[in-house]
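J.: What follows is the residue order along each chain.
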Amino acid sequence: MLKIVPLFLYYFKNYYRSRAFYMMLAIDLLVSSLLVYFSFTYLSSIDKYLSRIVANPPPELIRRVFDYVWNFALEYLPVLSAVFFGSPAISSEIENRTAYQIFPLPVGRFQLFAGKFLAAYVVSVLISGIFLLFQWITFLFVFHILQPDLFYLSILLLLVFIFSILSVTFMSSAIFNKNLNAYITVLVIYFLIFPSASYVINIFYGYTPYYLLTVAAAILQQVYFNFSVFSFSGGFSINPAPVQLILRSLWVMILYGVISFTTALILFERKEAI
Amino acid sequence: MSHLKLENIKKHYGSKVAVDSVTASFGSGCTAILGPNGAGKTTLMKIITHIINPSGGRVVINGLTLSDNPQKALENIGSLIEQPEFYPYVTGREALEFIAVMRDVPRDIMKEEINYLASRTGIVKFLDSRTGTYSKGMKQRLGLAAAMISEPDILILDEPTFGLDPRGIIETRDLIRSYSHKKNKSVILSTHLISEATEICDRVVILDQGSIKYDSILRNSTKKIRVVFETKPEIVPNAEFILSKEVKGTKTILFEIANGAQNSRLVDLLVNAGLKIKDFTESKGLEDIYLSLIHESS
Numbered sequence: 039m040l041k042i043v044p045l046f047l048y049y050f051k052n053y054y055r056s057r058a059f060y061m062m063l064a065i066d067l068l069v070s071s072l073l074v075y076f077s078f079t080y081l082s083s084i085d086k087y088l089s090r091i092v093a094n095p096p097p098e099l100i101r102r103v104f105d106y107v108w109n110f111a112l113e114y115l116p117v118l119s120a121v122f123f124g125s126p127a128i129s130s131e132i133e134n135r136t137a138y139q140i141f142p143l144p145v146g147r148f149q150l151f152a153g154k155f156l157a158a159y160v161v162s163v164l165i166s167g168i169f170l171l172f173q174w175i176t177f178l179f180v181f182h183i184l185q186p187d188l189f190y191l192s193i194l195l196l197l198v199f200i201f202s203i204l205s206v207t208f209m210s211s212a213i214f215n216k217n218l219n220a221y222i223t224v225l226v227i228y229f230l231i232f233p234s235a236s237y238v239i240n241i242f243y244g245y246t247p248y249y250l251l252t253v254a255a256a257i258l259q260q261v262y263f264n265f266s267v268f269s270f271s272g273g274f275s276i277n278p279a280p281v282q283l284i285l286r287s288l289w290v291m292i293l294y295g296v297i298s299f300t301t302a303l304i305l306f307e308r309k310e311a312i
Numbered sequence: 007m008s009h010l011k012l013e014n015i016k017k018h019y020g021s022k023v024a025v026d027s028v029t030a031s032f033g034s035g036c037t038a039i040l041g042p043n044g045a046g047k048t049t050l051m052k053i054i055t056h057i058i059n060p061s062g063g064r065v066v067i068n069g070l071t072l073s074d075n076p077q078k079a080l081e082n083i084g085s086l087i088e089q090p091e092f093y094p095y096v097t098g099r100e101a102l103e104f105i106a107v108m109r110d111v112p113r114d115i116m117k118e119e120i121n122y123l124a125s126r127t128g129i130v131k132f133l134d135s136r137t138g139t140y141s142k143g144m145k146q147r148l149g150l151a152a153a154m155i156s157e158p159d160i161l162i163l164d165e166p167t168f169g170l171d172p173r174g175i176i177e178t179r180d181l182i183r184s185y186s187h188k189k190n191k192s193v194i195l196s197t198h199l200i201s202e203a204t205e206i207c208d209r210v211v212i213l214d215q216g217s218i219k220y221d222s223i224l225r226n227s228t229k230k231i232r233v234v235f236e237t238k239p240e241i242v243p244n245a246e247f248i249l250s251k252e253v254k255g256t257k258t259i260l261f262e263i264a265n266g267a268q269n270s271r272l273v274d275l276l277v278n279a280g281l282k283i284k285d286f287t288e289s290k291g292l293e294d295i296y297l298s299l300i301h302e303s304s
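Chains as they are written, first to last, in this note's numbering: chain A, 39 to 312; chain B, 7 to 304.
In short, the hints are calculated from the structure, not lab data.
Do not take every clue at face value.
Said to hold, decoys possible - Taking lysine-lysine and the DSS-like style, the derived pairs with C-alpha atoms no more than 30 Å apart in a straight line are:
hint : chain 1 : residue 1 : chain 2 : residue 2
1    : B       : Lys251    : A       : Lys51
2    : B       : Lys219    : A       : Lys216
3    : B       : Lys22     : A       : Lys216
4    : B       : Lys282    : B       : Lys16
5    : A       : Lys216    : B       : Lys16
6    : A       : Lys51     : B       : Lys284
7    : B       : Lys238    : B       : Lys251
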């Protein structure tokens, strides 16, 4: 019988009551508050800056710049959530010896894994959801209109990105038996190796390595304004990213997610608590 | 009837052999697995509970091979391995409820069962506190309650009294003893305390360097006397207080006699039969056996 729901509820309880959750919530609220402050304080002058690029910037472009700035921060929230909730997900079972309680249960490892993954996913979505709520309300107050369709498209992409980055952290956690190793690996890969590789490839080979997760994740901002700090070789456009780019980024994120999820699951199935 | 069978179980870590060709069968009652540190007791317990996989051999639980059908086989097993740890942000009650749900305990009896086990293990007061605030002893008690949820046929306990205060030790031993006396229940507990093994269990297995060195039923109502004769005895007399005789070499016989019988009765019987006794030693029992086996292997 499937026991994913009670497993999910149990792990979810343990997640949302954890110090990591409150730490993430504090970061979330801090970043959101700063962006609210920024939006109300500097937004009136955005058109001045934009007019240096585009003569008489249309209101629609100003609104897209607003969302672009918010999404610039939004991209990193799931990464932090995934590191907090995903990196210790499996390694902690071994390091903290909770595996001795969990592995002998008459439940398949897939269900244990899926229950925990789902809980970590929902908690991460919750963290990003709070940020998005701030963004939505601020937008309404500033522009007196509802968010455009692009906002909902970016939410959809965000949900895929959370799946993808969380899978990567679960895979890292399944490889190691120590939490610290799992934390460091994800942080180094995402914030050091991938960006460095992206810059090196851009500079020396003249193309943007779209297959890197950091590059693909930039689509969260590019849906508003086709500029990414990871793809400067091809110039930039003030228009939203084309459908082709959105689809390609989506596929890259899905691939990372599926491959990492499957690898993590296989490793977890074979995991021994020595 | 509960039944656990270990068939040629092996576990290697590189060139290090942790468990070496262990074959044993466990039915109803309590079996103690004794052994020094590093003997392979915990490794064996982890193999039985699917925490680690054996390098060879198979575990059969109530007719089900663990590696073939772990989910089904583990339905019959409750376990407490090493010092238990729980997710720190859930309460003791939530931890027990979770295990009860995983073990398919019906909702209507779950609360009652949890309250009963909490009272038997002495954790009622702490049941609604988060397990992250528990002391080692409290976690041990909670672990024991968790192992007993749904009354599994086979209970695997790895040093269950570790970290408990004297009162906790007595209560835990009582609880395990009464559980093992229930119909068709099997308790396998690992310990390095001989007194614990003899007090709780009716069978003892001594494990050393990964293999079984001794496996015997404990009979507290009997004692063993080793008699060395000057010459090989042709006929050894029988009497009602002699429960068994085991010939050890040409001139030595190990007598098992009822605990109430005086040693002098055996001496009189042998002397009257015309046998000349060279040495007469009462074995201190399991302690002697344990020390001689561990000494031999070291």
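J.: Now tell me, hint by hint, if it's right for this structure.
T.: Status of each hint after checking the structure:
Proposed proximity of Lys251 of chain B and Lys51 of chain A is contradicted: the alpha carbons are some 62 Å apart, above 30 Å. A distance of roughly 36 Å separates the Cα atoms of Lys219 of chain B and Lys216 of chain A; the hinted pair therefore is violated under the 30 Å criterion. At roughly 23 Å between alpha-carbon atoms, Lys22 of chain B and Lys216 of chain A fall within 30 Å of each other, so this suggested pair holds. Between the alpha carbons of Lys282 of chain B and Lys16 of chain B the distance comes to roughly 48 Å, so the proposed pair goes past 30 Å and is violated.
Our distance criterion of 30 Å between C-alpha atoms is met by Lys216 of chain A and Lys16 of chain B, whose separation comes to about 27 Å. Between the alpha carbons of Lys51 of chain A and Lys284 of chain B the distance comes to roughly 72 Å, so the proposed pair goes past 30 Å and is violated. For the proposed pair Lys238 of chain B and Lys251 of chain B, the alpha carbon gap of about 15 Å is at most 30 Å, so the pair holds.
Checked against the numbered hints given earlier, this structure breaks hints 1, 2, 4, 6; the rest are met.
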